[in-house]
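Colleague: Sequence:
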Amino acid sequence: MVTVAVAGGSGGLGLIIAHSILDSKKHKVVVLSRKENPELSALGVDVRPVDYNDLSSLIAALNGVHTVISTIAVPNKALADSQIALINAAVAAGVKRFAPSEFTISSYDSIELYAPKTAVWDAVVASGLEYTRFTCGLFHNFWAAGTPKGEKEALAGMPAWNFIINVKAGTADIPGDGGVKIAVIDTRDVARFVTASLDLPKWDEELGMLGEYASWNELVDKAEKATGRKFLRRYTTRQELVKLAEDPEKRFYNQFRIAMVDQKFTVPPTLNEKFPEIRPMSTQDFLDNAWAGVELPPPAWK
Numbered sequence: 001m002v003t004v005a006v007a008g009g010s011g012g013l014g015l016i017i018a019h020s021i022l023d024s025k026k027h028k029v030v031v032l033s034r035k036e037n038p039e040l041s042a043l044g045v046d047v048r049p050v051d052y053n054d055l056s057s058l059i060a061a062l063n064g065v066h067t068v069i070s071t072i073a074v075p076n077k078a079l080a081d082s083q084i085a086l087i088n089a090a091v092a093a094g095v096k097r098f099a100p101s102e103f104t105i106s107s108y109d110s111i112e113l114y115a116p117k118t119a120v121w122d123a124v125v126a127s128g129l130e131y132t133r134f135t136c137g138l139f140h141n142f143w144a145a146g147t148p149k150g151e152k153e154a155l156a157g158m159p160a161w162n163f164i165i166n167v168k169a170g171t172a173d174i175p176g177d178g179g180v181k182i183a184v185i186d187t188r189d190v191a192r193f194v195t196a197s198l199d200l201p202k203w204d205e206e207l208g209m210l211g212e213y214a215s216w217n218e219l220v221d222k223a224e225k226a227t228g229r230k231f232l233r234r235y236t237t238r239q240e241l242v243k244l245a246e247d248p249e250k251r252f253y254n255q256f257r258i259a260m261v262d263q264k265f266t267v268p269p270t271l272n273e274k275f276p277e278i279r280p281m282s283t284q285d286f287l288d289n290a291w292a293g294v295e296l297p298p299p300a301w302k
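Just so you know, the UniProt record's numbering puts 43 at position 43 of the sequence shown, and the rest follows in order with no gaps.
Read the hints as simulated data drawn from the structure, not as lab findings.
Source: prediction; values computed, not measured.
Where a beta carbon is used, it is the ideal one built from N, C-alpha and C, also for glycine.
Incorrect hints may appear among the rest.
To be verified - Taking lysine-lysine pairs in the BS3-like style, the calculated list, with each CA pair at most 27 Å apart, reads:
#: 1; residue 1: Lys243; residue 2: Lys264
#: 2; residue 1: Lys243; residue 2: Lys152
#: 3; residue 1: Lys35; residue 2: Lys181
#: 4; residue 1: Lys181; residue 2: Lys225
To be verified - FRET-style restraints, in silico, Cβ to Cβ:
#: 5; residue 1: Asp221; residue 2: Gly11; range: 29 to 39 Å
#: 6; residue 1: Lys152; residue 2: Lys230; range: 41 to 51 Å
#: 7; residue 1: Val242; residue 2: Asn217; range: 20 to 30 Å
#: 8; residue 1: Pro148; residue 2: Glu206; range: 20 to 30 Å
#: 9; residue 1: Gly11; residue 2: Ser110; range: 21 to 31 Å
#: 10; residue 1: Ser24; residue 2: Glu153; range: 29 to 39 Å
#: 11; residue 1: Lys250; residue 2: Asn217; range: 16 to 26 Å
#: 12; residue 1: Thr118; residue 2: Ile278; range: 26 to 36 Å
#: 13; residue 1: Lys243; residue 2: Ser24; range: 28 to 38 Å
#: 14; residue 1: Asp51; residue 2: Lys230; range: 32 to 42 Å
#: 15; residue 1: Asn217; residue 2: Pro248; range: 45 to 55 Å
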């Protein structure tokens, strides 16, 4: 048993991971949070409020911690600096392992919003800590947005964002010709794989986990099967996506879609191979659970 600190563990993916580690009953969980969380504390989680601008605060919070898993979002330099401060504190506190906030793909240089991640990765590589990059592709949980069948539980830490597929509206804004396959997974399966990885004697530099590979055309087919209706499909060429990405307000969404067209949404199934007993939920099962039997209006663009 080791003590695992989850940075950003009071919400989102971090909370799902913290619950998974807690449920395993194998390790002690510490959640690093900017504020207190009575709900988590009531479950027996050691919630330690931290100030990412105060190195001594971070070092004290990491006392006795073996592994740090960061789920801090890194959409700007300030949040990247918070994660770098956490890496420095981990070194000073005697932490052994550190996983920076990745949880997507290993090559994201074409996505401008993710640029600050590079400095964080460089810092952890140079730290002397054992480290890994958890990669998993795209979360299918987004496609529960709007369901009346337990939306919060199905989103499982994700925001209600109709990313490319809007199941409720019956529309799909497909990048390219829809034929390129991407890696898709459930956040709860990510949490299970991350929890299992804590038992590995040594972490690989990248630990990928795969739910399944599917093309956008196949994913829309699955949504149609779950809802029993045909979707409106709109296809956008790579050239058109590049043009759309010139608009700052649309840049992230379209750079993300360009990365998919460029076949960058692949992950090695490393953890699947190490832990074959973990059987990820299929996207079809996820969509069936979220939408089967729900009465929906005729498809229409919003």
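Colleague: Next, verify each hint and record whether it holds.
Modeller: Hint check:
no., hint, verdict
1, Lys243 <-> Lys264, "holds (19 Å)"
2, Lys243 <-> Lys152, "violated (35 Å)"
3, Lys35 <-> Lys181, "violated (40 Å)"
4, Lys181 <-> Lys225, "holds (19 Å)"
5, Asp221 <-> Gly11: 29 to 39 Å, "holds (33 Å)"
6, Lys152 <-> Lys230: 41 to 51 Å, "violated (28 Å)"
7, Val242 <-> Asn217: 20 to 30 Å, "holds (22 Å)"
8, Pro148 <-> Glu206: 20 to 30 Å, "violated (39 Å)"
9, Gly11 <-> Ser110: 21 to 31 Å, "holds (28 Å)"
10, Ser24 <-> Glu153: 29 to 39 Å, "violated (20 Å)"
11, Lys250 <-> Asn217: 16 to 26 Å, "holds (23 Å)"
12, Thr118 <-> Ile278: 26 to 36 Å, "holds (30 Å)"
13, Lys243 <-> Ser24: 28 to 38 Å, "violated (47 Å)"
14, Asp51 <-> Lys230: 32 to 42 Å, "violated (53 Å)"
15, Asn217 <-> Pro248: 45 to 55 Å, "violated (30 Å)"
The structure fails to meet hints 2, 3, 6, 8, 10, 13, 14 and 15 from the earlier list, while all remaining hints are met.
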